[in-house]
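S.K.: At position 87 of the sequence shown (counting the first as 1) the number is 87 in full-length UniProt numbering, and the numbers step up by one without a gap.
Hints may be right or wrong, so weigh each one.
Said to hold, decoys possible - Computed list of lysine-lysine pairs in BS3-like fashion (alpha-carbon distance at most 30 Å, straight line):
1. 138 to 249
2. 241 to 22
3. 226 to 83
4. 210 to 191
5. 156 to 226
6. 22 to 249
As the list claims (entries may be wrong) - Here are the in silico distance ranges between beta carbons for each label pair:
7. 223 to 6: 41 to 47 Å
8. 225 to 117: 14 to 20 Å
9. 52 to 258: 28 to 34 Å
10. 223 to 46: 35 to 41 Å
11. 120 to 1: 40 to 46 Å
12. 2 to 36: 38 to 44 Å
13. 113 to 263: 27 to 33 Å
14. 253 to 121: 20 to 26 Å
15. 52 to 116: 38 to 44 Å
For the record, the hints were derived by calculation from the structure and aren't laboratory data.
For every residue, glycine included, the Cβ atom is placed at its ideal position computed from N, Cα and C.
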Amino acid sequence: MIKIKTREEIELMRESALIVSKTLGILAKEVKPGVTTLQLDKLAEEFIRDQGAIPGFLGLYDFPNTLCMSPNAQVVHGIPNNKPLIEGDIISIDCGALKNGFYGDHAYTFEVGEVTPETKKLLQITKESLYEGIRQLKVGNRVGDVGFAIQAYCEKEGYGIVRELVGHGLGKKMHEDPEMPNYGKRGRGKKFMEGMVVAIEPMVNLGTYKINQLNDGWTILTQDGKPSAHFEHDVAIVDGKPELLSTFKYVYAALGIESNEEEEFRQIPLHI
1 MIKIKTREEI ELMRESALIV SKTLGILAKE VKPGVTTLQL DKLAEEFIRD QGAIPGFLGL
61 YDFPNTLCMS PNAQVVHGIP NNKPLIEGDI ISIDCGALKN GFYGDHAYTF EVGEVTPETK
121 KLLQITKESL YEGIRQLKVG NRVGDVGFAI QAYCEKEGYG IVRELVGHGL GKKMHEDPEM
181 PNYGKRGRGK KFMEGMVVAI EPMVNLGTYK INQLNDGWTI LTQDGKPSAH FEHDVAIVDG
241 KPELLSTFKY VYAALGIESN EEEEFRQIPL HI
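Hey, can you work out the whole structure from these sequences and the hints?
M.R.: Structure representation (structure tokens):
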């Protein structure tokens with residue numbers, strides 16, 4: 001059952017989402033060759049708790065850490081470890097926070113030093129596809145409209161869209177209805193309504209869409225060993241249109257990137 005949020009609840013969710021956004025901004029400064037994903041995980045947990053929030057993933061379905069850390073051919077749900085990142089890696093960092101009874105859930109794929117042009121393009125197209133999907137999140141449209149937009153944008157580049165893992169509704173639970181696949185047909189699926197909040201998160205592979213799971217019961221990786229990218233935003237439907245609750249602006253500030261990509265999805269100006 002889809003749980004509609006009031007304006008007041010949406011603002012509480014924005015607070016949770018921005019804690020995650022700020023966490024990713026802190027981590028952006030630290031992602032570099034030689035750092036371990038466990039070091040980044042500890043940093044994230046401390047920061048989230050300092051904000052009066054609880055790490056959203058830690059213990060969720062028995063997940064052992066604060067962050068899902070998925071380098072290179074890992075798609076999502078990678079477990080932090082003591083292996084240092086190296087030049088040319090990419091790393092998807094997926095983070096959650098619980099505050100005021102509501103979750104934020106937000107992801108960014110970082111470059112570690114210099115990456116290949118092929119990998120850089122994968123990240124760019126995946127992130128652009130996220131906004132293609134968000135544009136379709138409006139009253140009267142359906143779940144399939146978002147999935148179709150993401151799928152069409154990525155498949156024209158020859159990339160594989162992961163089928164088994166999807167975005168989701170978000171609220172007092174990390175995963176609520178509706179499921180939000182990154183593929184689909186226009187006009188199919190549940191209809192969007194005012195007050196819905198969802199996490200849209202393209203998971204896009206350089207090669208095949210097919211995946212495997214490691215024996216740890218969590219880590220998902222591409223079947224062909226090629227890189228995978230993952231970007232995620234929390235989005236509410238406000239006045240019939242998509243309203244971003246999360247932001248990449250803290251990441252961009254840390255990395256020295258200038259971008260106005262989020263402005264069309266923000267009715268309330270964000271000052272950082």
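S.K.: Indicate, hint by hint, whether the structure satisfies it.
M.R.: Hint by hint, here is what the structure shows:
1. About 23 Å separates the Cα atoms of residue 138 and residue 249, which keeps this hinted pair within 30 Å; it holds.
2. Simply put, residue 241 and residue 22 have alpha-carbon atoms about 24 Å apart, close enough for the 30 Å limit, and the pair holds.
3. Annotation: proposed proximity of residue 226 to residue 83 holds, straight-line Cα distance about 19 Å (limit 30 Å).
4. Straight-line distance between C-alpha atoms of residue 210 and residue 191 comes to about 28 Å, which keeps the hinted pair within the 30 Å bound.
5. Our distance criterion of 30 Å between C-alpha atoms is met by residue 156 and residue 226, whose separation comes to about 18 Å.
6. Note on residue 22 and residue 249: the hinted pairing holds, with a Cα-Cα distance of about 9 Å set against a maximum of 30 Å.
7. At about 43 Å, the CB distance of residue 223 to residue 6 agrees with the hint of 41 to 47 Å.
8. The hinted range of 14 to 20 Å is satisfied by residue 225 and residue 117, whose Cβ atoms lie roughly 19 Å apart.
9. Checking the proposed 28 to 34 Å range against residue 52 and residue 258 shows it holds: the Cβ atoms sit about 31 Å from each other.
10. At about 36 Å, the CB distance of residue 223 to residue 46 agrees with the hint of 35 to 41 Å.
11. Checked against the hint of 40 to 46 Å, the pair residue 120 and residue 1 passes, with Cβ atoms roughly 41 Å apart.
12. Checked against the hint of 38 to 44 Å, the pair residue 2 and residue 36 passes, with Cβ atoms roughly 40 Å apart.
13. Separation of residue 113 from residue 263 is about 30 Å and conforms to the stated range, judged on CB atoms against 27 to 33 Å.
14. The hint said 20 to 26 Å for the Cβ distance between residue 253 and residue 121, and at roughly 24 Å that hint holds.
15. In this structure, residue 52 and residue 116 meet the distance hint of 38 to 44 Å, their C-beta atoms being roughly 41 Å apart.
Going down the numbered hints, you'll see the structure goes against none, and every one checks out.
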